[in-house]
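Undergrad: Chain by chain, the residues run as shown.
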Amino acid sequence: MSQTMLIIILGMAIVTYIPRVLPLVAMNGKELPPKVKAVLQNVPYAALGALIFPGILFIQDDIWFGIIGGTTAIVIALLGANLIIVVISAITVLSLYSVFF
Amino acid sequence: MFFSGSVQEKKSDYLKGLLAGVSIAIGYLPVALTYGFIAETTGLTLLETIAMSAFVFAGAAQYMSLSLIAVGTGAFEIIFTTFIINIRHLLMSTAISEKAVKDHPIIKGLYAFGMTDEVFAVSSTKEGKLTSSYILGVASIAYSSWVINSGIGYAIGTSLPATLQQSMSIALYALFIALLIPSLKKHRKIVWLAVFAAMLNSVLTLFIATGWAIIIATLVSAIVIEIIYSKKQNFYEQSDHKSKGA
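Listed in order, the protein sequences are those of chains D and A. Heads up, my numbering is the position in the first sequence plus 350, with the first residue counted as 1. Heads up, my numbering is the position in the second sequence plus 85, with the first residue counted as 1.
The hints are simulated quantities; they were obtained by calculation from the structure and are not laboratory data. Errors might be hidden in some of the hints.
Pair by pair, the computed Cβ-Cβ distance ranges are [what the hints assert, rightly or not]:
1) D:368 <-> A:308: 19 to 29 Å
2) A:190 <-> D:449: 48 to 58 Å
3) A:312 <-> D:450: 26 to 36 Å
4) A:152 <-> D:351: 35 to 45 Å
5) A:293 <-> D:375: 24 to 34 Å
6) D:413 <-> A:93: 47 to 57 Å
7) D:410 <-> A:318: 34 to 44 Å
8) A:191 <-> D:412: 25 to 35 Å
9) D:451 <-> A:104: 19 to 29 Å
10) D:421 <-> A:312: 37 to 47 Å
11) A:213 <-> D:408: 29 to 39 Å
12) A:128 <-> D:391: 24 to 34 Å
13) A:101 <-> D:391: 17 to 27 Å
Below, in silico cross-link-like pairs of lysine to aspartate or glutamate (EDC-like), each with a Cα-Cα straight-line distance of 20 Å or less [claimed, not checked]:
14) A:274 <-> A:311
15) A:187 <-> A:311
16) D:385 <-> A:183
17) A:187 <-> D:411
18) A:101 <-> A:212
19) A:214 <-> D:411
20) D:387 <-> A:183
21) A:211 <-> A:125
22) A:184 <-> D:412
23) A:214 <-> A:188
24) A:184 <-> A:98
25) A:95 <-> A:162
26) D:380 <-> A:183
27) D:387 <-> A:98
28) A:274 <-> A:188
29) A:96 <-> A:162
30) D:385 <-> A:311
31) D:387 <-> A:94
32) A:211 <-> A:94
33) D:380 <-> A:98
34) A:187 <-> A:125
35) D:387 <-> A:188
36) A:101 <-> A:125
37) A:211 <-> A:183
From the derived model, a few chain A residues whose C-beta atoms are all more than 12 Å from chain D [to be verified]:
38) 150
39) 229
40) 237
In this text, a Cβ means the ideal position worked out from N, Cα and C, and glycines have one as well.
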């Protein structure tokens, strides 16, 4: 492994790990003020919104990929299917879409 | 005998985590294969390709690093950009820290390494108690898929039929949707949290780096919706109080 690559990989590993580990170790078991707690409990759902949109529109050059795949996932998830079924359904529908269109 | 119960519990939580992480493993498959393939065409060795996946474990940052390496960018700039992209995990780990049970810092340090967007999403939306064993289960299956498929992608190219490869790019988004929908059905507040963050992120991504856009959109939505709802709550409490008074 070249020395530059070694430095790049180690550097990337460190700056990726720090934000992931810092809060977990620093706040381990500490009680937070109720308002901060309430905001943190909102974070997962807000984060999911931001992780899905607008990224889903740009998975392929054809914007319909994201729209059709996303709609399929929403419908199947609304029917109450589990995670894997939702994921596989979205992939299947998009495979059909790319075969026929 | 006395401890067997807790070991059993840990084991079953770990298995539950593994199971919940299967959809992440499926979602990582095409992304890791493509990463391995691009790494090969960028001129990395197999060892470098696998080492990056094994030590960094961050999809978006690894892709970015390849495109920067390809154009001959220096190490410092690549590392700094990685930091900017991954700073969003600061917020995600803070949220997990609030939800997860107390545990030894070494255990937390271990699963912190695996706290990708997807591992965070699956763990943080779990109902009920969130144990270290469960998070470790989710993280370990996601990690295995990421590292192994990076190597396979390098060795034999993307290897999936082009159609399937394309279609599978929806997988991680379908996973996020599948995690969000059941909660949306339960509380109106969650709908607003997700929709407001998505709207903010759409606007912010036009102006700033994705890593910052996600963290700002998430935080602003989480705060603003909390303020609106706590006012509403107070309003209801007050009107409730008044009606009782009358």
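Undergrad: Each hint: holds or not?
TA: Here is how each hint holds up against the structure:
1. At about 24 Å, the beta-carbon gap between residue 368 of chain D and residue 308 of chain A stays in the expected band of 19 to 29 Å.
2. Restraint check, residue 190 of chain A to residue 449 of chain D: a C-beta distance of roughly 51 Å satisfies the suggested window 48 to 58 Å.
3. Roughly 48 Å separates the CB atoms of residue 312 of chain A and residue 450 of chain D, a value that falls outside the hinted 26 to 36 Å.
4. As the Cβ distance of residue 152 of chain A to residue 351 of chain D is approximately 20 Å, the hint placing it in 35 to 45 Å is violated.
5. Range check, residue 293 of chain A to residue 375 of chain D: about 28 Å between beta-carbon atoms, so the 24 to 34 Å window is met.
6. Look at residue 413 of chain D against residue 93 of chain A: about 49 Å separates their beta carbons, and that is inside 47 to 57 Å.
7. Under the hint 34 to 44 Å, the C-beta atoms of residue 410 of chain D and residue 318 of chain A, about 43 Å apart, fit the expected range.
8. Separation of residue 191 of chain A from residue 412 of chain D is about 47 Å and departs from the stated range, judged on CB atoms against 25 to 35 Å.
9. Between residue 451 of chain D and residue 104 of chain A the beta carbons are some 35 Å apart, a value that contradicts the proposed interval 19 to 29 Å.
10. For residue 421 of chain D and residue 312 of chain A, the Cβ-Cβ distance of about 32 Å falls outside the hinted range of 37 to 47 Å, so the restraint is violated.
11. A beta carbon spacing of about 35 Å between residue 213 of chain A and residue 408 of chain D agrees with the range 29 to 39 Å that was offered as a hint.
12. Take residue 128 of chain A and residue 391 of chain D: their Cβ atoms lie about 46 Å apart, and the range 24 to 34 Å is violated.
13. For the pair residue 101 of chain A and residue 391 of chain D, the beta carbons lie near 22 Å from each other, so the given range of 17 to 27 Å is met.
14. A hinted pair counts as satisfied when its Cα atoms are at most 20 Å apart, and residue 274 of chain A with residue 311 of chain A qualifies at roughly 9 Å.
15. In summary, the hint linking residue 187 of chain A to residue 311 of chain A is not supported, as the alpha carbons are separated by about 25 Å, beyond the 20 Å threshold.
16. Restraint check for residue 385 of chain D and residue 183 of chain A: the C-alpha separation of about 12 Å stays at or below 20 Å, so the hint holds.
17. At most 20 Å may separate the alpha-carbon atoms for a hinted pair to count; residue 187 of chain A and residue 411 of chain D exceed this at roughly 45 Å.
18. At most 20 Å may separate the alpha-carbon atoms for a hinted pair to count; residue 101 of chain A and residue 212 of chain A meet this at roughly 12 Å.
19. Simply put, residue 214 of chain A and residue 411 of chain D have alpha-carbon atoms about 41 Å apart, too far for the 20 Å limit, and the pair is violated.
20. For the proposed pair residue 387 of chain D and residue 183 of chain A, the alpha carbon gap of about 7 Å is at most 20 Å, so the pair holds.
21. For the proposed pair residue 211 of chain A and residue 125 of chain A, the alpha carbon gap of about 37 Å is over 20 Å, so the pair is violated.
22. The hinted pair formed by residue 184 of chain A and residue 412 of chain D fails the criterion: a straight-line CA distance of about 39 Å is larger than 20 Å.
23. Note on residue 214 of chain A and residue 188 of chain A: the hinted pairing holds, with a Cα-Cα distance of about 13 Å set against a maximum of 20 Å.
24. Of the pairs offered as hints, the one joining residue 184 of chain A and residue 98 of chain A holds, with about 16 Å between alpha carbons and a cut-off of 20 Å not exceeded.
25. Taking the CA atoms of residue 95 of chain A and residue 162 of chain A, the gap is about 42 Å. The hint is violated against a cut of 20 Å.
26. Proximity of residue 380 of chain D to residue 183 of chain A is assessed by CA-CA distance (about 9 Å); at most 20 Å being required, the pair is judged to hold.
27. The suggested pairing of residue 387 of chain D with residue 98 of chain A is violated, with an alpha-carbon distance near 25 Å, which exceeds 20 Å.
28. For the hint pairing residue 274 of chain A with residue 188 of chain A, the CA-to-CA distance comes to about 31 Å; that exceeds 20 Å, so the pair is violated.
29. Pair hint residue 96 of chain A plus residue 162 of chain A does not hold up; C-alpha atoms about 42 Å apart against a cutoff of 20 Å.
30. As the CA atoms of residue 385 of chain D and residue 311 of chain A are separated by approximately 9 Å, the hinted pair is consistent with the 20 Å bound.
31. At most 20 Å may separate the alpha-carbon atoms for a hinted pair to count; residue 387 of chain D and residue 94 of chain A exceed this at roughly 27 Å.
32. Between residue 211 of chain A and residue 94 of chain A the alpha-carbon distance is near 16 Å, which keeps this suggested pair within the 20 Å criterion.
33. The hinted pair formed by residue 380 of chain D and residue 98 of chain A fails the criterion: a straight-line CA distance of about 24 Å is larger than 20 Å.
34. Between the alpha carbons of residue 187 of chain A and residue 125 of chain A the distance comes to roughly 42 Å, so the proposed pair goes past 20 Å and is violated.
35. Distance hint between residue 387 of chain D and residue 188 of chain A is fulfilled; the C-alpha atoms sit about 19 Å from each other, no more than 20 Å.
36. With a C-alpha separation of about 35 Å, the suggested pairing of residue 101 of chain A with residue 125 of chain A is violated against the 20 Å cut-off.
37. Proposed proximity of residue 211 of chain A and residue 183 of chain A is supported: the alpha carbons are some 13 Å apart, at most 20 Å.
38. The non-interface label for residue 150 of chain A is inconsistent with chain D: the shortest C-beta to C-beta separation is roughly 6 Å, within 12 Å.
39. Once the 12 Å rule is applied to beta carbons, residue 229 of chain A is consistent with being away from chain D; the minimum gap is 17 Å.
40. Every C-beta of chain D lies more than 12 Å from that of residue 237 of chain A, the closest at about 19 Å, which supports listing it as non-interface.
This entry does not satisfy hints 3, 4, 8, 9, 10, 12, 15, 17, 19, 21, 22, 25, 27, 28, 29, 31, 33, 34, 36 and 38, going by the numbered hints stated previously.
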